[in-house]
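Protein sequences, first through last, are from chains A and B.
Take 1 as the starting number for the first sequence in the working numbering and just add one per residue.
Take 1001 as the starting number for the second sequence in the working numbering and just add one per residue.
Rather than coming from a laboratory, the hints here were simulated on the basis of the structure.
For each residue, glycine too, the CB sits at the ideal point set by N, CA and C.
Honestly, I wouldn't trust all of these hints.
[What the hints assert, rightly or not] Residues from chain A shown here face chain B by an in silico Cβ test under 7 Å; the list is partial:
id	residue
1	V107
2	L123
3	Q124
4	V125
5	S127
6	Q128
7	P133
8	N242
9	A269
10	T429
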Amino acid sequence: MSEVQIVDNMVDITIDGVEYKAKEGEYILNAARANDVFIPAICYLTRCSPTLACRICLVEVDGKQVYACNSKVKAGMNITVDTPDILTERRAMMEVYDVNHPLQCGVCDQSGECELQNYTLELQVDSQSYSIPDTKRETANWSSVLHYDPGLCIVCERCTTVCKDMIGDAAITTAKRGGEALDKSWKDNMPKDAYAMWNKLQKSVIAPSNGTGSTDCSDCGECIAVCPVGALVSRDFVYTSNAWDLKRIPAVSAHSSDGFAIYYETKPAGIEDRTEKIFRVTNEWNFVSLDGAARFAYDFENDTASKDETAFNAGVEALTKAETIRFNSLISNEEALMLQTLKEKKGVKLYNPEVRPFQKFLKLYNEASGASLYNGSTDTALKCDFAVSVGGALRNDSPGLKYAFNNIQKMNKGAGLYFHPVGDKLIPTFGKSVECFTHKVGLEEATLYLLLELFADKDKLPSDTKEYLASFGENELLELLGADAEAFMKAFPKMMKKKENFVLMVGEDYYGHAKAENLVKLIVLLEATAGFQVVMNPPKSNALGVALICELDDEATGYTVGYNENGDFKLSALGDGDLDMPAMNQQEGTFTTLSKRVVPTNAALDYNGYVLNDLMAKLIDAPSQTIDWTAYLPQEKGYQAMDFDDMLNTFDNAGQDNRGYLLKVTYDEVEPTDAEKFDKDDVLDGDIVYRANPPRQFNDFSDKAHQIFEAFGLYASEERAKALGEKAEILFKNGKITVDVIVDAKMEGDIVALSDFKSAENVYELFGESRYQTVTIRKG
Amino acid sequence: MSLEQFKDRNVGTQNYVKLDLDHSPTTGWCQFKQVVKRTFKPELFVGLWVTFREMINALFRGKMHTTQYPFEKLPISPRYRAIHDMLRLMESGNYRCIGCGLCEKICISDCISMETKYDENQRKEVSEYTINFGRCIFCGYCAEVCPELAIVHGGRYETASEQRASFSLFEDMLTPIDQLNLQQEYAGFGAISPNADENIKSTPLAY
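Okay, chain B solo, but in the shape it has when bound (with noise of 0.2 Å):
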């Protein structure tokens, strides 16, 4: 990468855009005169009248902007990232994570533990998986190294609780098994290149 961009440290010679504002009053009768032409002209009630309408519309047409926090929420961008989502896989409901271990690896502030054993239908088996939300710093590391697309990072910015516990076992990061076709991919760290299939090779098969 180079570096040229940081180095040009001359600002003035840069392509800044000016906007087409008027001159500021420079003398106190200049002042005066800006102070009264801005009292008396009619737009303080332009403004009013916006204000009045709007009253209007929320409280008898039904058309209220108002975001009832925190029951009612706005969606927030996928690339943004919140407490972690664990997400299953849409035909068998299975969860995703093969417990490889990756993302307890790559977590720089070591907060992501788990265990795994050898189960009876000879798979790798996640028995137990906690993040410690305490000491996460949210960088995304875990979702980005994630090579199932198990682990995201999910809607809820809260990051306060009353207990630490409540949000950060398997279970509860874990989609509901219920909810899963409110199951959504995840378009953000560590999701698939849109051009990813351009940058594999194939390989044969005998079949």
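Chain A extracted, bound-state conformation (with noise of 0.2 Å):
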């Protein structure tokens, strides 16, 4: 039983003669799940709109029947869930969905967790009274992992309503199914509300909404992870298991830093090798929806380790004379920590690329604003009506930043701008009232006066800042962003109609820049006068927790020791490096994700070698186990002093997440200070390369599993790819690097992308702290 969590308007409902207590305007449907109250509902996703496709949901409320997904509750609601009438209706609803549906449950992927088997048995369908001639459906594969069987397919929409209103890439859509027409004779003969939906069934199917046949995604598998039947299933998995017949391990996602909470579903390799393999990975679809790194790159396991004893030997010999240990943010919250404790006690410098900036600037944030961290999180910022997003190429950083974007503009009847020096296609597609920016590199400091100058109350803001602000010409701000000033003006008005909760998405371009400081003074300002709350995206996986747990070093000197990276000795997960690690999805330790919440994941499968906490045993004073560190995190950084068996894995049945805990954040009283003013000449001109992962590519490990196909290389729009050629050599001021030029048909403009998930590349050595960097591109 799942405490009903008490918020300001709570109000008294009934149902079924009991009484509860709900949020008022929320939907009957969400308002009875969250008291434990089971409505039936197939169509329904919590987070989107409700698409009354299938009509089950159907309750009777103060004598009148309603749709228990599309009605909010209001107090004194008196509802019932089942009376003789609905009952007939929903049985009816449950015939019509077995009307030609193929007998095939032996071999769906689907069954045993199928809801229209769940269904027609919860309704007791033992007959069938409704006949039509069936239509003739081909199975198609839409992308490299979305495999569609429409024969299987029951039109709820649920797909199409996640692809639109949370991932955002609106890549499938009903079409039609050139289906027999219904006889009239039925709408007298069958419940109303069923001869509708059928009637709507009847004519549709799912398909790619740009009219091929293959979507234009970001393969994130969400169409699939939502599919009540068998219907969508990912390319890779059909036909290899049945759903009983697979172990669900509670983890996190190893990739983006949004900490999403998965589940590996594990079982026996096959006949000839029973080791354990993960065959997918699932997710709570009503709750949180996983970005395609999350869904598919889940099998980069090392599976070659062994104990090793002259390898293990060698490792603690060389962290005893290391001077350096070089790591990335693909490390849970323990191994950062003994490595902190390594440099605790023994002098070793940490030195950390990916996170370092990011620490930088959140110790400024601390400083300016007193804070010890930034106020938002993903879910509070879906419950925002106005997001902005600067610094961050959303579509390639943060999916879930990404996903509570579109989710504001499509829920919340919100609005957004979108600052970012790279053009991108799909953005705009989000809502009516979301602004792009294709500003020049150099100008993030215009932007964050733009947003002062829009959004702030200019007599809470200091004095000189004021006056700067006060000194730009009309609209001169808006221009020098490369705005269409007028036109902008005109809209912004509408966009701020009824506008009460902003948030900012601050991404990882801010925090390398060589104006940080001003950049946070700006951020400081924007929470201080305008309300906006602040979401941070660390730059990859757990960077936050790196951030907060390690003192990193801002440069590597002498003997290194690599975790996952290079150096003169290799610590590696991925199996090639002197001495083997074990793999996320092979060890059990937390994460601390972009929401500020510390959650625990779990070993999926087995691993024979020496873990990182046998290395701290042999050098220092260890516990004899990793996650004997949980309770040991830093708790003057927010971390709490709990176990790791204490912390719960779980989401209550109102989409609460109870996973492990969430960062203390302490509020210090501090003045905002004065922003210094920008140089609006101090722009990148010529050719500008953007140290960016193309979407579903975060790390070597993403890359190592075998359904992530993206491919390390320099990203282009289709007119730059044109003129670059096949392959391009790049020169940047202190080295050189020859890839494969590969178009991105989302990106716009002349600034490409180059990845930087393959360690081995070393990019980050290439750009160093600044995403953006002025390069000679040659034709390779």
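Please dock the two separately framed chains into a single complex, following the hints provided.
Structural data, given as structure tokens:
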């Protein structure tokens, strides 16, 4: 039983004679679910708009039939879930869904967790009254991962809804089925809602929305997750396992910093090989949506490891003489704490170019605002109605924030501003009230000044800043940022209508920015004078955890031990190092997510080698297990002294994330200080390369997974790629690299994006702290 | 189910049928008389005649009753649960197994294991199938649960072999394609009940 969270506007409602508390204005279905009351429903998705495709959630409210998924709770409502009329309707609907549904449960991938099976049994359908000639529908592969069998599809539209309302790709839609029209006589001879549902069902089928046979999307696979039947399955998983054979291991996605809650589903690899293998990744799709890396990049385990004592001793020796340990953000909080302890006791340097700029940025933010951490999270962002994204390529860097940005437009009647030097064709499609600014690299401060101009309560601004802001001519900032100023100023009041909650999403570009200090000051001013909540996107995986736990150094010197990175001695979970380490799906531990939550992840697969804690036991005083470190995470940074085994790993029925715990954020009173002026001519010119990975690709581990196909290379808009040819040689100030040119059809403009997910390519060294570099690009 | 029959432990009052037997001798003299009477009865020769007659029949008239096991085997009841057979469809010769995995799931000694994949005809193909007969307890659940009557208990009751593998793979249990015409429908566990038609409701068809 989950306790209903009591918030301000709670009202009393009665369901089947029992009194419950519910939030006013929330849908009846969600209120019932939060109170653990079951109302049957197929087509409704918690964080998306109701589609009314299935109509099964029919209930009676004060004597009137309504749909629980789109009727809002009012005080004193009296709800009856089952009346004889409604039961007749529901039974007829289930019979209709079963008309011509192939009797292939025996082979179907969804059998055992199929909602059509479940509701057919729940509503005790034991005979069929309806019939219609079937239409031939061909199975199709929509992309490298999506497999659609329209014969099994019940057109509940959950896939199209989640793709549009949550993911933002809107890559699939309902299309004409070309089925036979319903006999008119049914209209009088069957329940009304069931007839309406059937009428629509018989006409439609799902298809890629671009009119071709393949989807143009980010291949996140969320449509697969939400499919109630076996119509949408991943190509890799089709007919390989039954749902009931798989063991579910609650874990955290290791790739993006969102810390998505996932389940690894494992069973023995085969008859010859009885070791556990991950067959797929699933999620609580009502409450969390995954990106492609979280769902498909799961087979990155280190399966060749063994207890090689010689290598282990060499590892101990290497760490003893090491001057520097180089690592990245794909490391658990516990491991980060081990390295930090090693630093404290042995004085080694910790070098992490991925996280270091972010750590500095957080420190600047802490000094300027008095808050120990930013105040927003993905969960709170989803409740906002105005989203502003700065300094990050939403589509590439932060799937969770991209979903939030999109969801705000679709569900909260929201508006959004997207500032980024790399043009994006997808983000403007999120909603009518989305404005994209493709500005020059170097004008990040101008961006924030514009936001102050647009949103801030000018009287609260410090005097110098206020004066400086007033010194800009009308629309000067807008024009500087490349906007059609007049059109924008005309649209802006409309965008601002009825908006109350504002969120600022800050991306990785800002962290390594030369003017980071001034950017922080401006962000703090925005928070103080415009009521923005701020979410910062930690660059990758557990970057926030590393930034909070480790004291990182600016450079690596002397003998270097690399952990999943290059070094004189290499500890590696990729199986290519001097000493094997467990990959993230083979070890337990905690992550610190973008939403400031410390979440536990469990080991899905066996691991036969040594772990970092074994090395620590030789070097310093270490407890017997890795998770024994969990309770010792630094409390002054907001962590709690909670044991790993005491952490929950669930969501409740209302969708509340109960995993682990939230970091404690402390606030000190600090007077906002004046921001500095900026130089509008200090912009990058010439050929500019941006350090960004393609969507679904984050690190060597996602690259190792067999269902991730995005290659390492130079991503460019169609036009730019044509001009560049097939291969390009990029000359940086301190090196060069030759890579393939790859078209990203959703990119716009001349800036090209170089991937950084292969640690062997050392892209971080080429770029330095800034994500943008002026380079010379030659045909390779 | 009523448990009444299990609770009635008063066996004396039940309807046993008594055989009409002679009383056993009680005294030593009576026992002696019985021995002498039985010893000198010609019954002995009646028995010897039967043996002699059968010997003549077997040796000279070709009426031998001995089963030459292991070269010959007696038929066993269809309800006997011996080593499994995998049946084929009579019409197409394809194997019946659809790879639903129910036998794997229901197996209480967890000895069935299978691998399936998506084949080029868009069907579920059983790529590997094995039963570990070292663990199988021949309970018959797999045959009972099979929706396609594909896995059944066959007549091979010898559960010993030089190699465990020799009868545990799919191909070994599958009816050889050249003996398809000899394949018998199985009447034991999991077979359709004779009145199955009466128990199902028909589904309307629009054709």
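Checked hints:
no. : hint : in the structure
1   : V107 : holds (4 Å)
2   : L123 : violated (16 Å)
3   : Q124 : violated (13 Å)
4   : V125 : violated (11 Å)
5   : S127 : holds (4 Å)
6   : Q128 : holds (4 Å)
7   : P133 : holds (5 Å)
8   : N242 : holds (4 Å)
9   : A269 : violated (9 Å)
10  : T429 : violated (34 Å)
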